[in-house]
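Undergrad: Let the sequences and hints guide you as you build the complete structure.
There are 2 protein chains.
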Amino acid sequence: MDIEEMLLDLKKKIESKLPNDTTISTVEFEGPQLVVYTEEPRKFADNGNIIRTLAKDLRTRIVVRPDPKVLVPPEESMDKIGNIVPEEAATSNYHFDPDVGEVIIEAEKPGLVIGKQGDTLREITKEIGWTPKVVRTPPIKSRTVKNIREFMRNNHKERKDILKSVGRQIHRETTTKDQWVRITSLGGCKEVGRSCFILSTPESRVMIDCGVNIGSDENMTPYLYVPEAYPLSQLDAVILTHAHLDHSGFIPLLYKYGYQGPVYCTLPTRDLSALLQLDYIDVAGKEGRIVPYESSQVREALKHTITLDFEEVTDIAPDIKLTFHNSGHILGSAIAHFHIGDGLHNVVFTGDYKYGSTRLFDPAVNKFPRVETVVTESTYGSSNAVQPTLKDAEKHLQQVIINTLQKDGIVLIPAFAVGRSQEVMIVLEDAIRKGLIDDVPIYLDGMIWEATAIHATYPEYLNNELRKSIFQKGQNPFLSDSFKPVDSNELRQKIIDEPHPCVILATAGMMNAGPILEYFKAFASNENNTLVFVGYQADGTLGRRIQKGWKEIPMSSSVNGGTQTINVNMNVEVVDGFSGHSDRKQLMDFVKKMKPRPERVYTEHGEEKFCIDLASSIYKKNKIETRALTNLETIRLV
Amino acid sequence: MDIEEMLLDLKKKIESKLPNDTTISTVEFEGPQLVVYTEEPRKFADNGNIIRTLAKDLRTRIVVRPDPKVLVPPEESMDKIGNIVPEEAATSNYHFDPDVGEVIIEAEKPGLVIGKQGDTLREITKEIGWTPKVVRTPPIKSRTVKNIREFMRNNHKERKDILKSVGRQIHRETTTKDQWVRITSLGGCKEVGRSCFILSTPESRVMIDCGVNIGSDENMTPYLYVPEAYPLSQLDAVILTHAHLDHSGFIPLLYKYGYQGPVYCTLPTRDLSALLQLDYIDVAGKEGRIVPYESSQVREALKHTITLDFEEVTDIAPDIKLTFHNSGHILGSAIAHFHIGDGLHNVVFTGDYKYGSTRLFDPAVNKFPRVETVVTESTYGSSNAVQPTLKDAEKHLQQVIINTLQKDGIVLIPAFAVGRSQEVMIVLEDAIRKGLIDDVPIYLDGMIWEATAIHATYPEYLNNELRKSIFQKGQNPFLSDSFKPVDSNELRQKIIDEPHPCVILATAGMMNAGPILEYFKAFASNENNTLVFVGYQADGTLGRRIQKGWKEIPMSSSVNGGTQTINVNMNVEVVDGFSGHSDRKQLMDFVKKMKPRPERVYTEHGEEKFCIDLASSIYKKNKIETRALTNLETIRLV
Ligand SMILES: [Zn+2]
Ligand SMILES: [Zn+2]
Ligand SMILES: [Zn+2]
Ligand SMILES: [Zn+2]
Ligand SMILES: [Zn+2]
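Protein sequence lines, in the order shown, are assigned to chains R and X.
Residue numbers are given in the working numbering: position 305 of the first sequence equals residue 307, and the series is strictly consecutive.
Residue numbers are given in the working numbering: position 537 of the second sequence equals residue 539, and the series is strictly consecutive.
A few of these clues could be false.
Because identical chains cannot be distinguished in the list, a pair is counted as satisfied if it fits within a single copy or across any two copies.
Claimed, not checked - In silico DSS-like cross-links for lysine-lysine, where the CA-CA straight-line distance does not exceed 30 Å:
(1) Lys550 to Lys143
(2) Lys143 to Lys597
(3) Lys192 to Lys625
(4) Lys179 to Lys258
(5) Lys179 to Lys288
(6) Lys179 to Lys611
(7) Lys496 to Lys258
(8) Lys192 to Lys622
(9) Lys594 to Lys166
(10) Lys192 to Lys179
(11) Lys179 to Lys15
(12) Lys611 to Lys622
(13) Lys611 to Lys623
(14) Lys625 to Lys611
(15) Lys14 to Lys58
(16) Lys58 to Lys82
These are computed hints drawn from the structure, not numbers from a lab.
Just so we're clear, the structure is a prediction, and the values are computed from it rather than from any experiment.
TA: As structure tokens, this is what we get:
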């Protein structure tokens, strides 16, 4: 049966299940969804259950869209929406897209536009024909989110074509009689950086992550040229677990090399990775290093991105279903669960995960409907890599800040824009609100503020407590007056020229670049100041050197481009425990308490000895087959 | 440097090393060789050392060919050859090929045409310009050998183009900076049948064997469609270890699927595999089974075959050198040694091997200049698969024959055409000559006689003793009067209709097809007859059933196509010890005594538990890393 016949067939099936007088114009695959066009969207809206029942019967995701003929003109529609939606929703920015019959409504309280179980949305549809989509008006303005939303709206027509072609690929006919499942490791094994895997069956091939090894020019790229990945144009899908560049950095490159398929990720991951990718090529260009792709390829990736919510089972290939689960590592970070064939095999790629609660996120999920094979990160896989508790880490940080402020000193914290910065911000806001530390300004420099704005845009992805305080108590810690984004060179210069007790959070996290260097040069010589490391410092970085105790640092002068020597008289403190990665115990527990018990665990994303150590410990404790993966191998699961 | 520049460069280098007055017309890569064309072949012929020195300096194989201008006309040349070569050489069939300036001379005693260290050959060149190639006039006429030689002569022009293009591929420029070596298993792991591997580097990909699993329609083919093998057109080379169909059966199919490169094997392997491949598709067609390719593709493979002698180091890709070593399994069977990069890594694929002397062959070679990784067969890898000695096996077989002949019975031996048949023939000839068994006729039915003719054509590939008795004592056991090829249906019918004491060797070896079935139907009911198994009977074959003791066998009637039941009253004997495979002890010894000691051993070509058993035993005894390979995996060696 070819795809046209299949669609005709589906149309008949759907019609047969509808009430007698309901008609549909056409059905079409768009991405993983089946879209039903009808001249009577009201009837569907009236019967919320019809779609749910249909989707269950047909085992696919179904959306109903109005036939263009029945749409009320935009002007009139806006009035009607205004009448239906309560004013407290604070709607703004309506965008009507006749291609898909959707109106995108930005609202400060999207829940009020949605209504109980979608009641309000359905009422809107009944009145105007258009299908309303609600997005949150960001409480902190994010340039990234705004640009991406605009970009997606402007390219809706092209996107529809992309989705149609993806949909047809997913639902193509299959022919192979062989049954096997393989994993190919293209990067990120026995190392951290350039994470990249391929999961393949006789029918399909999907890539999981495609990261860059920022620390190394030589081994920067995953081995994308090996036959298992070649030609990239024949991959079915790329799955992105989270936005960090060691997972997302080379996804735009795929489009340069001929890939034209979809990228699946969560909504926050889409926005955060675009932010980090653009910054990556921007910095590389400025530093005269290899710039592997252009911003146009970042946009290409965006056009092909299909966002999925956690726990949403989605067909991504004829024989592969993908489900994302919260991984607790950074905003939008996901564990990817693949169900292959009709119960043939289940593989879980953990990506980076935190199996423990943090200020920001719930712990990683380790309960699945089924799982036979697990591919797990091993960043802290070493048996002596136990970390202090978060509580201890917070106390330690507070004490360091109190001590420094007592001396009227400045606290300088190098931090990654995405992840630890927001964690530290919440800790500081909490301590200031409770009076535990003085109410000094907390400057945020680099991309931290922009990344925080994206966090504030997607509170659904934060943990219960934080979400509640944002939604219900109206007490968004990110909006605290203590936080001062450094949004100009003038402000930065002022902070440097007029030193006063404060906390400065600045990128880059390992001090290899970014505004942190300016502050360091200015404040290093004063013994009343403190430099606090809250994240991992990789070998070869300035951060690691300072941690090791270097007291004289040669640096390029900010004034004349020559070299100056920085004397490090400031205190240097290392506050462990803020990691977004599971520590050794959490890695072991994640596997031990996994439901159901997996048959096989492969380790990756860690130094060689950590990966091996973790694999052998998991084997000894659980009697589960384990192995530390090696780059460039293809192993068979079934 | 592109290839034309490289050739000009080589030409200059060669000229600079020649005596002042020697000129060359042109140089060209043809297959792995560098061909030097000259108008003065006599000068090269005079100085046998020039070429040897050049080859060493340039690290490549060099042949010198006369420029067409200087060739003496064929008629005249034949007279001159007659004057130079002694009459005892018994030359016949001259074939002049102006394309390559070669004359092929068939002779009964090629050594006399070659002369001491090639002296006579050089004398011929000096006289006529043409380069003489000597081939043995087969002492038993082989249709196969005759057809292939004719075919190769008729397609010499196309072959020259093929060789030129192969040569250019081998000597192409390389660019990659990465260094890695991988092995992909496409078939023959944890099973016997469809052996197929790919050895790959960033520059090159070569396939080792491409066999068919005759016993299984479902898992008949290696997994040729996986990315590591795809597209076949981009493979650099196919290496064939020996002619058995589980290694050679799908090589013609590669040409159907787009492969256009060379097949490297020994000369006997080329002829034997063409024989077996043609028979394979012939039988499949007759039995109404899948015929995977046509005879035209067998010819295509022949056209692309480049034969190599044992111990001849040959460039087969920019970064891979191949050397074949005797493997002692069947005529022409080889162990393939790959030297990769400039000392980067050395891999040995054993193919099938016998690490022990037999009547036909020397033991397999296990001394190499270097070796890090070994991929070994495991047919008898089980710890309880120790076999009787050959001597005991021979005695056992003699006794069975004596007992049967005493009762005026008939001895029926199902045998593979290539390998065990010739071994058994030599044992029987020896026993008859020594008067140990009666001088009854030994009928050879199926392809056994043709395969024997090929053995007789290439005595250089037999062991010392047998070769000596053929060459020096003029006592070729294959030419014994006791052997009666069954070359017509009439003769077969006569043997069946007029039973008399005799030994019948007939194919197929596992009684799944072939003339053996006719004899079995005729002689099974008589308790004075004996059925003797000298080879392995796979599960599911008639041979295995009879071994297990079935006494009533339903078979299709040879008369009317209906079903008849055969009562098995004849004796059934199993004579172990005639295997061309190493038994358990020989497998273990092969690795233990290997020089140098390898770092890693992978097992394949055996039932799953045998492969695992052998891998774990080798690890325990030698503390060498081992693993039983799985189909569809790609492992990394470097
Ligand atoms: Zn991460
Ligand atoms: Zn990571
Ligand atoms: Zn064999
Ligand atoms: Zn074999
Ligand atoms: Zn060798």
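Undergrad: Now, for every hint given, state plainly whether the structure supports it.
TA: Here is what the structure says about each hint:
Proximity of lysine 550 and lysine 143 under a CA criterion of 30 Å is satisfied in neither setting, with 40 Å inside one chain copy and 82 Å between copies. For the homomeric pair lysine 143 and lysine 597, neither the shortest alpha-carbon distance inside one copy (41 Å) nor that between copies (71 Å) is at most 30 Å. In the homo-oligomer, the alpha carbons of lysine 192 and lysine 625 lie at most 30 Å apart both inside one protomer (22 Å) and across protomers (24 Å), since each shortest distance falls under that limit. Taking the shortest Cα distances, lysine 179 and lysine 258 sit within 30 Å of each other only across copies (21 Å), while inside one copy they are farther apart (34 Å).
Taking the shortest Cα distances, lysine 179 and lysine 288 sit within 30 Å of each other only across copies (26 Å), while inside one copy they are farther apart (53 Å). Only between protomers do lysine 179 and lysine 611 lie at most 30 Å apart by alpha-carbon distance; the minimum there is 26 Å, versus 40 Å within a single protomer. Taking the shortest Cα distances, lysine 496 and lysine 258 never come within 30 Å of each other, neither inside one copy (42 Å) nor across copies (74 Å). Taking the closest pair of Cα atoms, lysine 192 and lysine 622 come within 30 Å of each other both inside a single copy (20 Å) and across two copies (27 Å).
For the identical chains of this complex, lysine 594 and lysine 166 are neighbours neither inside a copy (42 Å) nor across copies (61 Å), given an alpha-carbon limit of 30 Å. In this assembly of identical chains, the alpha carbons of lysine 192 and lysine 179 lie at most 30 Å apart only when taken from different copies (20 Å versus 35 Å within one copy). Taking CA atoms no more than 30 Å apart as the test, lysine 179 paired with lysine 15 passes inside one copy only; the shortest distance there is 28 Å, against 57 Å between copies. With identical chains, the CA atoms of lysine 611 and lysine 622 are at most 30 Å apart both within one copy (16 Å) and between copies (24 Å).
For the identical chains of this complex, lysine 611 and lysine 623 are neighbours both inside a copy (18 Å) and across copies (27 Å), given an alpha-carbon limit of 30 Å. Taking the closest pair of Cα atoms, lysine 625 and lysine 611 come within 30 Å of each other both inside a single copy (20 Å) and across two copies (21 Å). With identical chains, the CA atoms of lysine 14 and lysine 58 are at most 30 Å apart within one copy only, with a shortest distance of 16 Å there and 77 Å across copies. Taking CA atoms no more than 30 Å apart as the test, lysine 58 paired with lysine 82 passes in neither setting, with 33 Å inside one copy and 90 Å between copies.
Hint violations for this structure: numbers 1, 2, 7, 9, 16, all remaining hints satisfied.
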